[in-house]
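Engineer: Chains as they are written, first to last, in my numbering: chain A, 527 to 660; chain B, 701 to 1488.
It is worth saying that the hints were derived from the structure and are not from the lab.
Honestly, I wouldn't trust all of these hints.
[Said to hold, decoys possible] Residues from chain B that face chain A, not an exhaustive set, calculated with beta carbons under 7 Å:
hint, residue
1, 1088
2, 1151
3, 1154
Built from N, CA and C at the ideal position, the CB exists for glycine as well.
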Amino acid sequence: MTEVIQISEKSKDFLKKVEEISGEVITLCEQCGICTTSCPMAEDMDVSPSNIMRLVQIGDEGVLETKAIWFCASCFTCTVRCPRGIDLAKVTEALRQINLRKNTDYLDINRMDESEVEDLPTIALVSSMRKYTG
Amino acid sequence: MPKIGVYVCHCGGNISDVVDVEDVAKFAEKLPEVTVVRSISHMCSEEGQKAIIDDIHEYGLDRVVVSACSPQFQGETFKKALKKAGLNPYMVEMANIREQSAWPHYTEPEKATEKAKILTEMAVEKIRKASPATPPRLPIGKNVLVVGAGIAGIQASLDLGDAGFNVYLVEEKPMIGGHMAQLSRTFPTEDCASCILSPKMADVAEHPNIHLMTYSEIESIDGTVGDFRVRIKKKPKYVDEKSCTACNKCSEVCPVLLPDENNLGMTLRKAIYLPSSIAVPHSYVLDENACLGLEPLRCGKCVEVCDVGAINYEQKPEYVNIKVDTIIVATGFETFDAKLKPQYGYGRYENVITGLELERMIVEMSEGRSIRPLGKDIAFIQCVGSRDAQVGNLYCSRICCMYATKLASLLKRMDPSRDIYIFYTDLRAYGKGFEEYYRTAQELGIKFIRGRPGELMENSKNKKVIVRVEDTLTRKIIDKEFDIAVLSVGLVPSEGTKKISEMLKLPMSSDGFIKEAHPKFRPVDTPIEGIFVAGTAQGPKDIPDSVAQASGAAARAMRMMNKGEYEMSPIKAFIHEELCDGCGECVEACPVDAIKMAGTLAEINSAVCKGCGSCVSSCPKDAIDLKVFTNQEIIAEIEAALKDKKQGETRMLLFADDMCTYTLADGVGTSKIRYPSDVYIIRVPSSSRVTPKMLLRAFELGADAVFMGECEPAVSPYPMTNKVIKRNVEEVKRALEEAGIEAERMQYSPFVTVMYTRFANLTKKLSRMAEDMGNVPEEKRKKLGGMA
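Could you put together the complete structure from these sequences and hints?
Structural biologist: Structure (structure tokens):
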């Protein structure tokens, strides 16, 4: 089934929002795919880095639901290789920020068993509470 | 006393439907020194021109004002009419009441008529102060220097030589032909490159009008059009070109082995060698850096075997001084150094090669030699060094898509079992026959995959190249091993291009290639008179484009030289020596280095001066002026534009450079885009010509706002004028503030000729601002009097 994308005012606003937060001109992306094969995480991502850029270009907010934006390790390999000079790491960070700013709690430490907390890596706990610092 | 004739044109209704032309004519009758006024249906018609000529004879008119259309449109017509009547052609001024009044103000006929009157008065006042101008004429000969003997230089030289011009063709390499002589076949026809090039190279060598100097470098160039002095160093070849029979005996005995440049170092040559099998001149060359014999007694084998005695170790560099009238720069390109993209492993992985290397491999193969096996699985990586912000080359090299397609097609035809992939970002098959050629390649089974690999890796066991690339159309990552990965390297300006442009002070565009005088209409002229550019020195292009451009450059050079006399624009800066104190501000301001200090006086070289007037507005002593657009004339226009301005009425002045802003305003008028009728346009060669004093005078006389328009630097015929304008604008703003006047009343913007809406919006904004602020009170304006 080929999906139909309706481009609306909302999609334009989404693109504008991501451009504002990231400070990058996302429409500059020429979809060459150099980011994807530079990315050490690409194979684990549900959509490729170049696809993330495309989804933002057309204003598809579904990109916020992808796992890929959380897989980005901010290693900046894409950033130093992008032939259009786009800082992709900033773009994925902007997408994460949009999610984080919704202030949705997925984890309440107070409700967790002590043993459960102990099993979790510290960094995972810190990450989960990152919204309070953003 | 001057006698002026004023002619108001109806333009068959174009003007008279909006502007009351009879009213304008009646108004003109009362203007000073006006002897005759007529209103005529079409001034540009034979009838209109005849009226001017007859009146000049009957009434003894010595100046003419034509209130009609844009001087850019019909200026030449009336100049010619004056010339026919025996007057100096610069004694006519046009009031542009069509593009600047009837058309943009068509909804306000009364205002349009009033504006037409003021525009006519401005023209009358300007022409009252005008003096005859004669375009300086320089004698010009028929000698041309062509720098670089690639296909562009060869074509330009042949065209010029055939037309009877005397050509000096200088090439730094020991042979001519440039990059084309290295290629296998040419796209999209697959002609054998050396087969189509060789006859042309032979023509050059034998041409009676072409003096070919190979293995030669330009040491220096001084002077200007009609009188360029060139010093050329002919490096010693140590072999006499004429007697060498190319028997190869010398090379056979030579004990020194070196990488062969013609094969990009992939094969070896001797210290005495033939630069290429198709070399013209077909003579051996001795590489002085490698030869052992030049140090006496160490070697000398080649001399012993040379039957014709062509080898001479004693040869010294020879210096040749020539005088030429024009120059064509055809210094070509170099391929991008693939080592600057280390992630592709060129120079480290043995199976990563460049497109040009593959060209040489195919040529060698066709001659029965093999540099290396090419394998079955072949990948082409496009855009290496092009369209890449990471290496600073934003431009497309234009030829790589097609040369990769060509190389792939040749390899596939040689062995149809080969699996060939071209990894591209955008496939550009724009030229004649290119799209069809692309289709043919697809028919052959070559796979075009849309994706740019991040990096290439080497399989440490079999040394094959691993290409990992996202197929951006399926969003899947392709991972495949190839026997060879070919980098489609782009084009960059050659060292020779950089050197010659420094020597000649040729401006470069942002991509580092030589800039044209105008990107659309003067694509082979450089901004420096008498110097032309052809081929890839101007920007990446293929062979047909290089050849066409070379013929174009040759034709432009012929056009300049053929008359034996070169007529320059009379718009030139000149010095009032008695006022010059030798401060040197003008030298700094001149964008083309036309001014030098001769002792304590500035001296202008009119052959170099482009007539922008930056120096005029930079001179603190008013010691420089500009012909045809003198200070007196422009002040007269300003005064007329602001004459009899009533309290509460707004009037704004817009200084428009002829190249961009004036053309833009004409375009806005022609498109009937409305803008406020209280904007009065004053035409200048460049707004940098407008002095701060003039601007202050305008404010003193009650201008509510003044706007300066100028070409954007990228398209400006005079680079750097924007700096001068900004400085002047800042100075005026400071003076306004001191007098308690809003600095915003002085504005400046660069334009290109297509910014119609921007022009309309800016003038509307300016008009609104002036209305909001109200007129400048007289006591404040008076304060400016002292400054102006």
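Engineer: Determine for every hint whether it applies to the structure shown.
Structural biologist: Verification of the hints:
1. 1088: 4 Å, holds
2. 1151: 4 Å, holds
3. 1154: Status holds, d = 3 Å.
In summary, the structure agrees with every hint in the numbered list given earlier.
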